[in-house]
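Participant: Generate coordinates for the entire structure from the input sequences, incorporating the hints supplied.
Protein chains in written order, with full-length UniProt numbering: chain F, 1 to 216; chain E, 1 to 216; chain B, 1 to 332; chain U, 1 to 332.
By construction, these hints were calculated from the structure, which means they are not laboratory data.
Watch out, some of these pointers could steer you wrong.
Think about it this way: if two alpha-carbon atoms lie no more than 30 angstroms apart in a straight line, the pair counts; the simulated DSBU-like pairs of lysine-lysine are [stated by the list, open to error]:
1) LYS176(E) to LYS98(B)
2) LYS58(F) to LYS119(U)
3) LYS147(B) to LYS211(B)
4) LYS119(U) to LYS202(B)
5) LYS44(B) to LYS119(B)
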Amino acid sequence: MAETVTLADAAPIATEIGAVIIENQGLLSEIDGATGDGDHGINMAKGFRLANERLGKKSFDLREGFATIGDTLLGDIGGSMGPLYGSFFTDMADSLEGSDKLDRDNFAAMLTAGEAGVVDLGEAKVGDKTLIDVLVPARDAFAAAAKDGKDFAASLEALKAASAEGLESTRDMVAKLGRAARLGERSRGTLDAGACSANLILQALADGLLKRLHAA
Amino acid sequence: MAETVTLADAAPIATEIGAVIIENQGLLSEIDGATGDGDHGINMAKGFRLANERLGKKSFDLREGFATIGDTLLGDIGGSMGPLYGSFFTDMADSLEGSDKLDRDNFAAMLTAGEAGVVDLGEAKVGDKTLIDVLVPARDAFAAAAKDGKDFAASLEALKAASAEGLESTRDMVAKLGRAARLGERSRGTLDAGACSANLILQALADGLLKRLHAA
Amino acid sequence: MNRVIDDPDQVTEGTLRGVLAAHPDLLVATDHPRVLRHAGDRPKGRVGIVTGGGSGHEPAFLGYVGPGLCDAVAVGEVFASPTAKSFHAAFKEADGGKGVACLYGNYAGDNMNVKMAAKLAAKDDITVRTVIANDDVASAPREEADKRRGVAGEILMWKAGGARAAEGADLDGVIASAQKAIDNTRSIGIGLSACTIPAAGKPNFTIEAGKMEVGIGHHGEHGIAVLPVAPAKEMAGLMLERILADLEFGGEDVSVLVSGLGATPLMELYLLYGHVDEILRAHRITPRFRFVGNYFTSLEMAGVSVTVTRLDEELDRLLRAPARSIGLTVAG
Amino acid sequence: MNRVIDDPDQVTEGTLRGVLAAHPDLLVATDHPRVLRHAGDRPKGRVGIVTGGGSGHEPAFLGYVGPGLCDAVAVGEVFASPTAKSFHAAFKEADGGKGVACLYGNYAGDNMNVKMAAKLAAKDDITVRTVIANDDVASAPREEADKRRGVAGEILMWKAGGARAAEGADLDGVIASAQKAIDNTRSIGIGLSACTIPAAGKPNFTIEAGKMEVGIGHHGEHGIAVLPVAPAKEMAGLMLERILADLEFGGEDVSVLVSGLGATPLMELYLLYGHVDEILRAHRITPRFRFVGNYFTSLEMAGVSVTVTRLDEELDRLLRAPARSIGLTVAG
Ligand SMILES: Nc1ncnc2c1ncn2[C@@H]1O[C@H](COP(=O)(O)OP(=O)(O)O)[C@@H](O)[C@H]1O
Ligand SMILES: Nc1ncnc2c1ncn2[C@@H]1O[C@H](COP(=O)(O)OP(=O)(O)O)[C@@H](O)[C@H]1O
Ligand SMILES: [Mg+2]
Ligand SMILES: [Mg+2]
Ligand SMILES: [Mg+2]
Ligand SMILES: [Mg+2]
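Facilitator: As structure tokens, then:
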């Protein structure tokens with residue numbers, strides 16, 4: 001089992017993430033429709049479709065892939081998702097500046113940078129029923145596993161589990177931010193759409209890395 | 001049987017005409033609805049209600065009554081009915097200038113004046129499916145009866161019959177003027193609303209005079 | 001249809017009250033409750049301009065009273081001609097001793113009331129001459145152009161007549177310019193939903209979802225075809241086809257006015273204008289004046305009208321002249 | 001809802017094309033397809049003014065670009081914030097070396113995109129400061145005024161900021177005046193029917209026939225009460241009650257803006273204005289500026305908004321200053 005993946009080898013993960021989002025467009029919109037305006041899938045798929053189109057036309061490594069996704073979201077997707085996920089991917093890409101591979105430590109730093117970008121902009125806290133309720137526990141679980149001496153792959157498995165749990169945790173929350181917030185108590189009982197897309201992204205990222213770690 | 005009625009004695013006819021129109025408001029609108037915009041009853045009743053209100057506040061003879069009706073229609077009723085019936089009553093009133101009673105001859109002149117006012121303004125011809133299809137045959141029947149030596153009352157009876165026939169004649173006509181004209185052939189088969197109100201007015205006028213001729 | 005009204009029979013009164021409160025600098029009340037006059041000095045030593053028509057078409061008609069446009073307006077009930085006496089009172093308000101040009105649209109009621117009013121005015125020694133707008137190409141074939149209705153093209157007639165009066169032309173001159181404006185103007189509308197006269201409470205015509213009525217009149221009068229709703233580009237094509245065929249355009253520049261009928265968002269009017277502009281240029285016709293907005297409406301009817309005016313030097317000058325009003329302001 | 005559009009996903013593009021074709025004297029395209037700039041000279045040696053927001057509110061936002069108002073605008077999809085890069089590009093277009101005032105409305109997406117854009121602009125050495133309109137009294141209680149949405153009051157903010165920039169004030173001065181304008185402005189809307197984002201194809205909220213939503217947001221956000229439709233006089237009373245309680249009015253003169261939300265006829269807006277004027281005067285408040293029309297809309301939503309701005313000498317001067325744009329023209 002390898003402990004690193006080169007950014008070049010990991011490159012396809014950038015488009016794999018997009019593929020998962022596009023595949024789940026309907027699901028994301030449906031979940032958003034329960035408490036919001038039902039366009040989360042449309043917004044996300046539009047951005048990732050554009051990003052994947054752009055990536056299809058060039059060769060890139062994972063850092064460049066994330067930079068393109070971030071750039072596309074910031075440049076072509078308005079609303080909240082553009083800047084929030086745009087910052088997430090841009091800041092992850094920035095944190096990889098100067099690296100040519102991913103390992104347990106710079107992956108943790110990368111996730112932290114992405115999450116910080118989202119919080120910095122959106123000012124959401126855990127419990128507000130947003131994508132932060134996935135990003136924060138996932139990042140924390142990865143960091144804790146790493147601190148416990150687990151290897152990259154095992155830490156990624158911890159991340160996957162925490163991400164899924166984070167998503168599930170939003171079901172019982174009352175939305176405090178975004179459109180769903182105006183529903184107050186009525187927002188309880190359904191998953192959060194942004195948390196759902198965040199989980200899809202993290203699962204695809206982790207799965208992509210695990211596959212390459214195992215293959216090596 | 002008298003051959004004249006003083007304009008003073010005939011005064012109540014002015015408000016009797018209004019009463020008949022107001023009473024038949026629904027019918028007139030219904031007929032207009034079949035081929036037009038369904039407001040003929042509203043338009044007419046609004047005018048005659050206002051005129052009767054004004055007449056209720058003063059003493060007047062038939063000439064002054066007609067002048068008030070004409071003035072009210074011209075001053076307060078827009079659309080086509082205001083000027084058409086406004087001219088009808090104003091021109092009838094003008095023709096009575098200097099008289100203090102109605103007889104067979106000045107009644108014929110009065111009707112002719114009223115009808116001329118309507119034609120002058122609206123340029124309708126017999127057969128166009130308008131109120132002219134009542135006014136013209138009614139006036140002609142009265143004139144013919146008078147020429148035949150019939151007395152005032154008998155001439156009025158001729159007018160009543162011709163007026164009713166004139167109304168009925170509109171049923172089979174295709175409208176050439178007004179809103180109904182745009183329906184072309186589809187306007188055939190129903191009475192004309194304006195012809196209907198014209199008939200109500202002439203019947204009320206003739207009945208009012210007949211009652212007073214008989215009473216004298 | 002949820003509305004912002006009080007008594008449905010009193011919407012015209014309420015509208016006039018609000019207009020007077022909002023624009024005391026532009027419009028003042030007169031002795032006649034259904035006649036408004038421009039707030040400035042009465043026309044003195046120049047021709048007065050009067051218009052009038054049913055309400056429900058706002059900003060028409062009262063929105064085109066102001067310097068460089070009309071001097072007085074007669075206001076009818078919703079979709080009904082003003083009375084003869086209203087027109088007569090408006091003539092008196094607008095008369096400055098040089099006669100009055102009454103510039104209005106071709107509807108039976110308006111024709112009769114104006115005719116009666118002109119008779120009454122003649123007794124006051126006021127000369128009234130008329131131009132009767134008939135710009136709606138869809139309302140009658142070309143051979144019967146005198147049966148055509150007046151629609152948004154009236155605005156061009158008011159602008160030309162008003163500017164000419166401001167220049168000091170005599171009544172003949174003003175009438176000639178207003179007539180020239182309307183003779184060189186063609187309009188056509190597309191209706192996308194019906195509207196309801198408040199006092200009636202229900203629409204007196206219908207347009208089905210998914211259908212459009214090409215050539216609809218400003219009160220919902222039947223058009224020339226009911227078709228499935230077409231993309232905006234096709235709508236523009238359909239409308240211009242009719243207009244250009246009728247106008248016998250010879251390469252001159254034009255003024256283009258795209259008006260919403262009431263409920264169509266401004267974004268859609270601009271979207272349509274983009275196509276209109278493109279099609280005209282493809283025909284080597286250059287839109288020199290461009291108006292896009294709710295200039296002449298039909299209550300809350302959804303839909304649009306397109307109005308094209310062929311320009312010559314005179315019309316260009318008159319359209320460019322300064323004017324100020326609720327509906328149209330041209331900076332001096 | 002029958003519409004005048006082509007591809008429902010391309011309405012914003014189509015609108016921009018039409019706007020540019022119709023107003024080449026006022027607006028020009030930039031390298032960024034979703035940014036328009038005033039057609040005149042770029043602001044040089046003075047503060048630039050930028051605004052932006054979702055489309056579907058026309059004439060907002062692009063209709064308030066012009067001399068004496070905004071210099072550049074970032075245009076979003078229907079009812080969606082423009083992107084961070086659009087705002088960034090607009091900042092570059094509006095920068096004349098003295099910094100940029102970004103005057104926009106308080107919505108989560110706009111806040112985030114402007115924040116990101118300001119970060120990007122900082123890298124270009126462009127100073128960006130913001131004023132975030134929050135005039136909608138119905139969108140949060142007074143204690144949480146920073147959560148309130150920006151609605152038609154933004155127009156007063158643009159006018160004040162634009163006039164101040166034209167006077168040559170520095171960025172601090174422009175920001176202070178724009179902030180003062182919005183701090184002294186309160187708005188509230190009443191919705192009478194829902195509207196449909198073309199790409200969505202069906203409304204994402206409903207207002208039943210016979211009901212009105214008091215305090216509705218510009219995208220159909222829930223208001224404070226759903227009531228049976230009231231007469232216009234009561235609507236005016238309800239709206240002003242909220243506004244006047246919030247504004248702590250002390251007898252100053254005001255500017256009043258009555259805007260239709262899209263499908264409400266102009267005659268009804270004037271009718272409402274009549275009541276607003278009367279109620280204000282009964283409170284010894286004098287409407288010194290009066291705007292009635294479709295100034296800030298929500299596609300084809302039926303309804304109205306009322307915006308009251310408390311004036312001082314400075315705001316009076318700034319509102320009076322000349323300006324020219326699609327949505328608002330003040331003669332010089
Ligand atoms: N301030 C915020 N920080 C982080 N996430 C947020 C914030 N506000 C909203 N979200 C997320 O955005 C999601 C909705 O996104 P989307 O539907 O695409 O945008 P919109 O709400 O503008 O329609 C929510 O489910 C929530 O997770
Ligand atoms: N030019 C005309 N001359 C005489 N009568 C006319 C003319 N035009 C229309 N009418 C009459 O007007 C009637 C309709 O009146 P009404 O419904 O009150 O007005 P509108 O058609 O404006 O709604 C028609 O039934 C017809 O008899
Ligand atoms: Mg959403
Ligand atoms: Mg959304
Ligand atoms: Mg009728
Ligand atoms: Mg009628």
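Participant: Each hint should be assessed against the structure and marked as holding or not.
Facilitator: Results of checking the hints against the structure:
{"no.": "1", "hint": "LYS176(E) to LYS98(B)", "result": "violated, 38 angstroms"}
{"no.": "2", "hint": "LYS58(F) to LYS119(U)", "result": "holds, 28 angstroms"}
{"no.": "3", "hint": "LYS147(B) to LYS211(B)", "result": "holds, 26 angstroms"}
{"no.": "4", "hint": "LYS119(U) to LYS202(B)", "result": "violated, 55 angstroms"}
{"no.": "5", "hint": "LYS44(B) to LYS119(B)", "result": "holds, 22 angstroms"}
In this structure, the earlier hints numbered 1 and 4 are contradicted, and the remaining ones agree with it.
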